[in-house]
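Trainee: Protein chains in written order, with the numbering used here: chain A, 1489 to 1912; chain V, 1489 to 1912; chain U, 1489 to 1912.
Derived from the structure by calculation, the hints contain no laboratory data.
In this text, a Cβ means the ideal position worked out from N, Cα and C, and glycines have one as well.
Do not rely on the hints blindly, as some may be mistaken.
Partial chain U-side listing against chain V, Cβ under 7 Å, derived [as the list claims (entries may be wrong)]:
1) Tyr1802
2) Thr1804
3) Pro1846
4) Gln1847
5) Leu1857
Which chain U residues stay away from chain V? Per the calculated CB distances, all over 12 Å, these [what the hints assert, rightly or not]:
6) Lys1580
7) Lys1582
8) Glu1642
9) Arg1735
10) Asn1841
11) Glu1845
12) Ala1867
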Amino acid sequence: MIGNNIHNFAKELWPINRSITGPGVRDTLKAISKILPKLKVHSVPSQTKVFDWVVPKEWNVNEAYIITPSGDKICDFSKNNLHLVGYSIPFKGKISFEELKKHLHTIPEQKKAIPYITSYYEEKWGFCLSHDQFEKLEHGTYSIVVDTNLFNGELNYGELLIKGNSDKEIFLSTCICHPSMANNELSGISVLTFLADWLQENNNNYSYRIVFVPETIGSITYLHYNLKEIKNKVFAGFNVVCVGDNRSYSYLPSRKGNTISDLVAKHILKFTDKNFKHFSWLERGSDERQYCSPEVDLPIASILRTKYGEYPEYHTSLDDLENVVTPEGLNGGYWAIRKAIEAIEKNKVYKSNFLCEPQMGKRGLYPQLSTKKSKNESALIMNIISFCDGDNSLLKIAETLDVPIWTLYEQIEILKNHNLISQL
Amino acid sequence: MIGNNIHNFAKELWPINRSITGPGVRDTLKAISKILPKLKVHSVPSQTKVFDWVVPKEWNVNEAYIITPSGDKICDFSKNNLHLVGYSIPFKGKISFEELKKHLHTIPEQKKAIPYITSYYEEKWGFCLSHDQFEKLEHGTYSIVVDTNLFNGELNYGELLIKGNSDKEIFLSTCICHPSMANNELSGISVLTFLADWLQENNNNYSYRIVFVPETIGSITYLHYNLKEIKNKVFAGFNVVCVGDNRSYSYLPSRKGNTISDLVAKHILKFTDKNFKHFSWLERGSDERQYCSPEVDLPIASILRTKYGEYPEYHTSLDDLENVVTPEGLNGGYWAIRKAIEAIEKNKVYKSNFLCEPQMGKRGLYPQLSTKKSKNESALIMNIISFCDGDNSLLKIAETLDVPIWTLYEQIEILKNHNLISQL
Amino acid sequence: MIGNNIHNFAKELWPINRSITGPGVRDTLKAISKILPKLKVHSVPSQTKVFDWVVPKEWNVNEAYIITPSGDKICDFSKNNLHLVGYSIPFKGKISFEELKKHLHTIPEQKKAIPYITSYYEEKWGFCLSHDQFEKLEHGTYSIVVDTNLFNGELNYGELLIKGNSDKEIFLSTCICHPSMANNELSGISVLTFLADWLQENNNNYSYRIVFVPETIGSITYLHYNLKEIKNKVFAGFNVVCVGDNRSYSYLPSRKGNTISDLVAKHILKFTDKNFKHFSWLERGSDERQYCSPEVDLPIASILRTKYGEYPEYHTSLDDLENVVTPEGLNGGYWAIRKAIEAIEKNKVYKSNFLCEPQMGKRGLYPQLSTKKSKNESALIMNIISFCDGDNSLLKIAETLDVPIWTLYEQIEILKNHNLISQL
């Protein structure tokens, strides 16, 4: 089960402090490069204008913690990188508990969870901790150490181009900006790495453009530099996030909802889990926000396990690799997306080579003795032929027959090998 | 509440004997002119051929009543103009009860109601009375006085053109041919007068063509003279009838059912009363019969309160300004149509000024601190932007978001003021 | 009731041993020719290549039976032609019961039924018998006589062309290859013969091409020779099979499901039996398989009573003219298809001769006295006019009004006679 390998890889990435910029992003890309040696790591300087945005300063954390009046060290960043509000500016000093409280974040409804908080675009510092721990804090004077740097550095992202038989591209993206959380978002990084590994070994009909970007600013930056080139090449794609828990399958459409990615995603999920959750574009929240924005409009849908915002551990320290993300969960996420990619690869249009039905009996494809039941035995192959009219795609045929597209691949090979149909 | 003013105006018009021609029509138009001084009153001579029809003679009533064998005066037109069958020809004489009965109309199932009966195109005289009263009539000789004139005069209708920024027109029509009945049809006259009053004070994007016509022959006559001119200008409109009771909201489509008027009417009503009644074209019965007839095909839908034919008091003396039509009912009718007009005025197409999402945070339109909940807080404005693609109209966006269009007006202003979107 | 005549004709054809070739086919066509003297019988030599197929040898049966060890003659072809597997090759000899069993066919679940079995394209001999009889067979040596000929002869089919006012054609087909079974398929032959009899006496708008072909190889052969000619002429048609029992009505669509034949079939059946069975193209099984195959794509739908494969007596000796097919059943099948043909004949597009509604009152088509109820009395004719816009076909109007199309024929005549509408 490939899910085990993916889970092991996720564990390796777990401790790295990812954010939208900084060494954690580079360390993550370096780990991915071991599996995907052709991954190209790009760098964009801080302050670069990208559409309506500006690439932010690079953020580096040396250490961050609080010393309580009793002398205990708490909220230690080196123990859990969620303790520090993302993009905290440096601060060192002694402050009262009353003052400190303005900088502390907890989730009163989830007493054991450390929340994940960032302040990318407003200069602040802050700490996150469990509400249980917060409630034990005493009055008095606290020593604060936020030893961070914010400086004009660079924003990084990874890109891998796998050439196929056609220049037409399938676009796959995940986000590498979340620190130690598992479903959102070590799962996407790990699953996409293993999908890319499969694709780089495969003989593909289409080319694949695979990007590992910090969410929002990363995809915006990527599009700023690449949209013109990819706009007419990319005809399908998926945003790969939240693909690691084993509780549900989910689909989030592209903005227009009618791309080949959408059709395939719905088809695959319907036959993977008939109770899969069908979200609307209004419930979006990841980089499809950019990829599908007006005039960008790339054909990007999302196949997920349990979607961001839809599970209690979301954006907290409880989103871990033990209780939430599992090898089985990752395995399911990997195969759903792989089946979707395979479906797009095999979604061709065929034409019967004969007018009228061909004589299947003489080819051993139809029972020679005609009884009450003979039609049923060859119904599937006869139904496929009846739709090979140069118009229906294989996906359309599978939908019409209400069967998983993968159950047709072998029949199509038989028909092609008998010269009964031709691919257009 | 503007419904009070509308109700007072209806009370003023109540006693006038409206028919398809005659002084009652002119008196009604005169009363409307006090509020709409630019209303133009048109006159078309009797016997004028209009399409397949001929403008009928003008009808004038001096007096009409019956003297019973006991000497009582009953069915007195001066007490209730419904007593006389509309377009009754003159008659004076003594007749037996047996003979009289052929000229009397009642509704046995509604014993207290005087029915509303007309005979526009066949020469007859007759009286209407409650079945209760009819049952008390004695045998013997009755004296009949129907002192009416039918003569080659004129047919009148009112027309008001309010110029807007565009020559494109919205067409509003009501019918002025019903005598003293309230929902059908003092309500339409009164509500449309007050809508026109609002429009003549307003700075409108579109021009408004507002007509007050006798039903059927009036709209046919109007179209005979004006269809060629208005056909390419009118892109929306409503027939304003039965808008005065407070029991329900209703929608009757245009013939094709897919005009902007239809879309807006359904949208407004859905968010005004989720149980609004959706009638079919087959249940039509007012001037949409002409406006939407083949090749005329003006985009006219109807927003009504309780539709003609759908309430027990319909076309009887029970359809009054006390029990049936109320200030609240008129107020609801006025605002539903006004909101529909406003929706058409504001139903523009917008385009985002940026590729990808704009950075809302720096404009104070998005929370700076990213927590589990930050997406929800700005979901509405982000959703609007995501559909500003130069393709979706504001109505389409409201339908997609499943919110009343009027909840978007302010957000659109904010986005325009921040230069984030442009109107196409 | 024409069903009686059709049933009598079916009884006359019952004993003939029909197969895909041979004297039984010619005898059947000869019997049909008595009613349809212009029927042309075509002959195609064995071994002719038709698309992917080859016309098989002709099959003739002199006698066929089995003598049991006790000396009883069983499975006698002269008593029931189902006893012999269709296209059995000749065999004469003595064999053990164990050997014989490999050549015997029964239906264990239907102990009294002789199954109908054929082996057209593989050389075999065999007998069919009831499972009851099979279970009584003793051990020992059996004498087998299968005195048949398979030789290069001919394949026959009948074709009747009835010229109408237009060259556009309606195509009607049935299959003549089944031996003594009633619903599948004496019913189709008999009903189509009587439909053709009606059409040859009628003044038709369209031309009719009516074919009687052996199933599969016959329709393929017919298309091989005629497709080019008929492809652009045939705009509608029906495959007439299983139209003889009185248990249900059924519809099987053309491959694309949206032809005029489909629309008419569904309309007629909906108003004939609101519980009619709506099958899918995936449940096909007769010559629509060829007529609607890719690139052939003739607009052929099926109107059936109980469909092949959907009743227990299907393809057994129980499918008879006593218990399964009845005069009432055939009558219903005949009239459903006749109504469908009439609907296509009358499915014209009309245009109102006037802008706005015409004045019906002066033509006696609308009540002169306008009361609460007057609209209902003329609702049907007014609704028809309102859709005579040069765009809606009569079928579309009937669907919109949700009434059987045949209830509109008289109204259309009235409107045409008053010069209120014109046919386009």
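Trainee: Can you list which hints this structure breaks, lowest number first?
Mentor: Going through the list in order, the structure violates hints 1, 2, 10, 11, 12 and respects the others.
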